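Student: All chains, please: the whole structure from these sequences, using the hints.
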Amino acid sequence: GACVVEKVATPLTHARFLSRHRGNYGLAIAPGNSEGWTFPDVKTPIEGYYRCGDSTTSGIGVPAVASSGAVCANAIMSVWDQLELNSKIKMP
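Residue numbers (my numbering): 1 to 92.
Just so you know, the hints here were simulated from the structure itself, not pulled from any lab data. Quantities reported herein were computed from a predicted structural model and do not represent experimental measurements. Among the hints, a few may not be true.
[To be verified] Label-pair restraints from in silico Cβ distances: (1) 6 x 67: 41 to 51 Å; (2) 7 x 47: 37 to 47 Å; (3) 37 x 62: 37 to 47 Å; (4) 38 x 4: 33 to 43 Å; (5) 7 x 76: 35 to 45 Å.
Beta carbons are placed, not taken as given, at the ideal position from N, Cα and C, and that holds for glycine.
Tutor: In structure tokens:
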């Protein structure tokens with residue numbers, strides 16, 4: 001018999017193609033951890049400077065980046081202001 005092995009992505013893949021240190025993805029912070037660690041806030045001490053990306057929120061890859069971008073946008077302006085801007089640039 002034969003066996004088919006398929007690797008979608010491994011830490012080695014992430015290190016090589018995504019330049020991730022040792023193939024890791026973001027922060028490994030357990031909910032309710034005893035150290036009191038949390039993910040960094042989107043706001044920084046520098047006015048008008050925000051942080052987003054998959055290393056600032058739970059999850060990996062595109063979904064984490066997209067959700068952190070939404071959180072960042074919400075820190076800058078309300079959802080209603082965003083929707084108004086979307087209508088001005090003809091976004092559905």
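Student: For a quick check of understanding: which of the numbered hints are violated here, in increasing order?
Tutor: Structure breaks hints 1 and 3.
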